[in-house]
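Chains A and B, in that order, are what the protein sequence lines are.
Residues 1 to 263 in my numbering are what the first sequence lists, from first letter to last.
Residues 264 to 566 in my numbering are what the second sequence lists, from first letter to last.
The set of hints was computed from the structure by calculation and includes no laboratory data.
Since this is a predicted model, take the numbers as computed values, not measurements.
Each hint should be verified, as a subset may be incorrect.
[What the hints assert, rightly or not] DEER-style ranges, computed between Cβ atoms:
1. A:LEU233 x B:ALA335: 41 to 51 Å
2. A:ARG115 x B:ALA371: 24 to 34 Å
3. B:GLN427 x A:VAL12: 36 to 46 Å
4. B:PRO301 x A:PRO111: 44 to 54 Å
[Said to hold, decoys possible] Calculated pairs, DMTMM-like style, for lysine to aspartate or glutamate (alpha carbon to alpha carbon, straight line, at most 20 Å):
5. B:LYS391 x A:ASP8
6. B:LYS397 x B:ASP384
7. B:LYS391 x B:ASP353
8. B:LYS391 x B:GLU429
9. B:LYS394 x B:GLU436
10. B:LYS394 x B:GLU411
11. B:LYS397 x A:ASP260
12. B:LYS391 x B:GLU409
13. B:LYS279 x A:ASP113
[Stated by the list, open to error] Covered stretches of chain B, going by a simulated chain A footprint (3 or more residues, C-beta under 8 Å):
14. 312-326
15. 339-347
16. 444-458
Using N, Cα and C, we set each Cβ at its ideal position, and we do this for glycine too.
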Amino acid sequence: MITRSLRDVRWVLTWWTAGVSAFIVLYLSVYGNIKQSPELYGPAMLAKFPGPLRDLMGGLEDMTSGAGFLQTVVYQLFVPMLCIACATLLANRALATPEETGTLELIVTLPVDRRRLVLARFAALVLSLLVLTAVTLLVAAGMVTLVSAGVPFGRILAGHTGVLLIALFYGTVALTAGAATGRRIVASAVVGVWVVAGYAVTTIGRSVEGIAWLKWVSPFHYYSSGRPLYEGLPVGDYLVLAGATVVLALTAVLAFDRRDVGV
Amino acid sequence: MTAVVQTEGLTKYYGKRRGLEDLTLEIQPGEVFGYLGPNGAGKTTTIRLLLDVIRPTRGTVRVLGGDPREPATRARMGYLPGDLVLEERDRAIDYLRFLGRARGGVPAARIEALAERFDADLSVPMRKLSKGNKQKIGLIQAFMHEPEFVILDEPTAGLDPLVQQEFLALVREVRTSGRTVLMSSHVLAEVENVSDRVGIVRAGRLVAVENVAVLREKAVRRVELHFESPVPRDAFDDLPGVRDLRVEGAGVSCTIDGRPDALIKAAARFTVVHLVSAEPDLEEIFLTYYSHEEAHHDHPQPA
Ligand SMILES: Nc1ncnc2c1ncn2[C@@H]1O[C@H](COP(=O)(O)OP(=O)(O)O)[C@@H](O)[C@H]1O
Ligand SMILES: [Mg+2]
Chain A
1 MITRSLRDVR WVLTWWTAGV SAFIVLYLSV YGNIKQSPEL YGPAMLAKFP
51 GPLRDLMGGL EDMTSGAGFL QTVVYQLFVP MLCIACATLL ANRALATPEE
101 TGTLELIVTL PVDRRRLVLA RFAALVLSLL VLTAVTLLVA AGMVTLVSAG
151 VPFGRILAGH TGVLLIALFY GTVALTAGAA TGRRIVASAV VGVWVVAGYA
201 VTTIGRSVEG IAWLKWVSPF HYYSSGRPLY EGLPVGDYLV LAGATVVLAL
251 TAVLAFDRRD VGV
Chain B
264 MTAVVQTEGL TKYYGKRRGL EDLTLEIQPG EVFGYLGPNG AGKTTTIRLL
314 LDVIRPTRGT VRVLGGDPRE PATRARMGYL PGDLVLEERD RAIDYLRFLG
364 RARGGVPAAR IEALAERFDA DLSVPMRKLS KGNKQKIGLI QAFMHEPEFV
414 ILDEPTAGLD PLVQQEFLAL VREVRTSGRT VLMSSHVLAE VENVSDRVGI
464 VRAGRLVAVE NVAVLREKAV RRVELHFESP VPRDAFDDLP GVRDLRVEGA
514 GVSCTIDGRP DALIKAAARF TVVHLVSAEP DLEEIFLTYY SHEEAHHDHP
564 QPA
């Protein structure tokens, strides 16, 4: 069952991995220029983005150091968002899409327990995202060495583990919403709203008094507040993400087990 | 002997919409059961309940003595969905192998033999197959693991007549080996030749279960006889079951109700040159049956 799911997504996964890798290569190769003339780029960046927008980009305080640059262009927004999009797509392919097209009907009549079916599809999602993040980790680490950004591998690994965890978290959100409703559009909408709201709360919302407490329900808080690129693996934060993912996956199992399929 | 299907008060509502109401039905091993009804009657709903694709609102369902919710029960079943959708990107052979593995292994030779029988090409991606050819893949997967109980939802849809014959032959073989088949259809003609019994479902309710052999015997059929020389009318008058008698010279025509025995014996006293007996139209009987039911349910007599 797991092999089968992996086979199903092999091309999507290949293309997304290539895309995210290309993105990392492209952006990190710019760092060479910045490093040579930091006095030019640093203030220019700060001037270009007004206050709230700067918040949205994670501050931009420190675009000229290796870690700062890596944090801003790779780990702040683009790479986690791309990986979340890929995770949502893969999660939808696992249950909601086949249910909507109708192929799932025959699958649930196979002598496979429904709970095992969901677990197998979840396992395939984990493995797919592992492949995506492992390859892009190597690409990022390679590029960092190439442009001599001076960020140790351990820190990149810590940052990338966060990418895996947040992508997996949102992928599992999609899987669970899909398992419970059988509707791709519902699953995508839940992820979309939660991503935008969560990201906004931990960036712009940080300085807004009334909504600051909302950060506790934002996955991005656990993703970035530990500053893994500067301070190494934020074990506690990451465990929260992983734990929430496990709870969601179990919810998906129970929800799908009780449902009428294809109705 | 445990019944293959045993339902009691089986009911399914989709929200407020009725899918199936109060179905109580038993199907015995070795039987081919034709499940008939117009579109929207509740055939697919029943079938999905038997396979645990959907769950009953009320009532109980047991299949092969077990709960269809158990994987072990479903392992002994084969299923052709009514609106079959296949994994478009796959080659048929890969898809069949995957299904075979999930069902505990199917010998490659058996898949090949079935493919040859239905003249199905397994090497092309399934999105390139026509409706009829997809249906063949659906039939192969339903039969390939030699299940004890095969459920086919409108199996003949889209099949050309030659493949249809092959399919019916396969159903007969399955019955001969003591296994059980349930097939749904909205036309009786498609199932009457292989079915032992037919059940008719209408607007969510099972309105009749009939033995096909009994039905045939009951059927009215038209018979024409031609003799060598003119025959006297009184030789055929008042024969049991004979109606609408017309005798014109050497020709006799009538309709018979049930067995043709008396008519044959009466005719045997003369020299018969030609005999025509129209196949009884069970369809017509059922339609008559339906319209009675309809009148009964939908237009209650004012009190
Ligand atoms: N998913 C569904 N949601 C709501 N109503 C449904 C659904 N599936 C079937 N029905 C209703 O249940 C009834 C029986 O449908 P079905 O079992 O598909 O009939 P058949 O297979 O005999 O054509 C119909 O009135 C149909 O509209
Ligand atoms: Mg149907």
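Tested hints:
| no. | hint | result |
| --- | --- | --- |
| 1 | A:LEU233 x B:ALA335: 41 to 51 Å | holds, 45 Å |
| 2 | A:ARG115 x B:ALA371: 24 to 34 Å | holds, 31 Å |
| 3 | B:GLN427 x A:VAL12: 36 to 46 Å | holds, 39 Å |
| 4 | B:PRO301 x A:PRO111: 44 to 54 Å | violated, 33 Å |
| 5 | B:LYS391 x A:ASP8 | holds, 18 Å |
| 6 | B:LYS397 x B:ASP384 | holds, 10 Å |
| 7 | B:LYS391 x B:ASP353 | holds, 10 Å |
| 8 | B:LYS391 x B:GLU429 | violated, 23 Å |
| 9 | B:LYS394 x B:GLU436 | violated, 25 Å |
| 10 | B:LYS394 x B:GLU411 | violated, 27 Å |
| 11 | B:LYS397 x A:ASP260 | violated, 25 Å |
| 12 | B:LYS391 x B:GLU409 | violated, 28 Å |
| 13 | B:LYS279 x A:ASP113 | violated, 29 Å |
| 14 | 312-326 | holds (count 5) |
| 15 | 339-347 | holds (count 5) |
| 16 | 444-458 | violated (count 0) |
Hints 4, 8, 9, 10, 11, 12, 13 and 16 from the earlier list are contradicted by this structure; the remaining hints agree with it.
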